[in-house]
Amino acid sequence: MITKLNVASIYVLDKDEALDFYVNKLGLEKGNDVRQGSSRWLTVRVPGNGGTEISLEQPGPPLHDEATAERLRELITKGALSGLVFNSDDVRGMYETLKVGGVTDFTQEPTAHSYGTDMGIRDPFGNAIRILQQGNVSPEATA
Amino acid sequence: MSREVEELNRRLLRARDAMDRAYAEPLDVRAVAGVVHVSPAHFSRCFRTVFGETPHRYLPRRRVERSMFLLRDTDRSITEVCFDVGFTSLGTFSRTFREIVGETPSGYRSGHGPLVVPNCVQMANIRPRAAAPAATRSSSFGEATTDAVSIA
Numbered sequence: 014m015i016t017k018l019n020v021a022s023i024y025v026l027d028k029d030e031a032l033d034f035y036v037n038k039l040g041l042e043k044g045n046d047v048r049q050g051s052s053r054w055l056t057v058r059v060p061g062n063g064g065t066e067i068s069l070e071q072p073g074p075p076l077h078d079e080a081t082a083e084r085l086r087e088l089i090t091k092g093a094l095s096g097l098v099f100n101s102d103d104v105r106g107m108y109e110t111l112k113v114g115g116v117t118d119f120t121q122e123p124t125a126h127s128y129g130t131d132m133g134i135r136d137p138f139g140n141a142i143r144i145l146q147q148g149n150v151s152p153e154a155t156a
Numbered sequence: 002m003s004r005e006v007e008e009l010n011r012r013l014l015r016a017r018d019a020m021d022r023a024y025a026e027p028l029d030v031r032a033v034a035g036v037v038h039v040s041p042a043h044f045s046r047c048f049r050t051v052f053g054e055t056p057h058r059y060l061p062r063r064r065v066e067r068s069m070f071l072l073r074d075t076d077r078s079i080t081e082v083c084f085d086v087g088f089t090s091l092g093t094f095s096r097t098f099r100e101i102v103g104e105t106p107s108g109y110r111s112g113h114g115p116l117v118v119p120n121c122v123q124m125a126n127i128r129p130r131a132a133a134p135a136a137t138r139s140s141s142f143g144e145a146t147t148d149a150v151s152i153a
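Protein chains in written order, with this note's numbering: chain A, 14 to 156; chain B, 2 to 153.
Hint data in this document are derived by calculation from the structure and do not stem from the laboratory.
Quick caveat: nothing in here was measured; it's all calculated off a predicted structure.
One should not assume that every hint holds.
What the hints assert, rightly or not - Chain A stretches covered by chain B per the calculated footprint, using a threshold of three residues with CB under 8 Å from any CB of chain B:
(1) 18-24
(2) 76-88
(3) 128-135
Backbone N, C-alpha and C define an ideal beta-carbon position, used for all residues, glycine too.
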């Protein structure tokens, strides 16, 4: 039986810029960073042991031909690819921290729902990220 | 050339996000065009090219989707819902809702209860897409076919 989601991947336009955002802005930690020639295996993860590695993948050769990579970059920047959902123990605090840190691309300010409070942001390239604080039940969903 | 396309896409996405985030505010397409620093006419053309519909269609459909949510999930009056989602007149709200969903707000409310999917999933998947032809207006969410998850 499968026991864990070990690695998930997300397309980014630039690995260094992605690393800066996901680590320095969002608070993840760098996982693997292995260079071999022009290739670089780069992952980030939720701090602590046992979490899922998020592989930051840059479209381009040798994985993709240039035309395919160009299509992927267009799809990333129009927000058409998939995103990530994280859990947090203090989503409103994170919202304030992110704003102070210069993040402006909020797709949704912290909002209470029956299942918790969540917010939405985009990474610098257009990928959707949601951050959810579960179990903070409000009497009525407000949006 | 590719970099220019990516940069424009990203700016247009930022404008679309502004509509999804601030639909309840007195937002119009001219204000949204300001987000990307282009003229409203140029903005509308570019937006349509990238997302397949004009911002003049996108914004009311977001507002109607949010009103559908409030009608399903809350006890707020139809007038309150109208203003909650950014419409400024009940007549415009009711007409727009009917055009997009195919039934009146009160008719929609009586036929639907809360959905047991996260709010972000609803916003992503239930925003009505196109005016349904009269013959196929039996769908509960405009064109979206999500009846299976309704617990009405």
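Status of each hint after checking the structure:
| no. | hint | result |
| --- | --- | --- |
| 1 | 18-24 | violated (count 0) |
| 2 | 76-88 | holds (count 3) |
| 3 | 128-135 | holds (count 4) |
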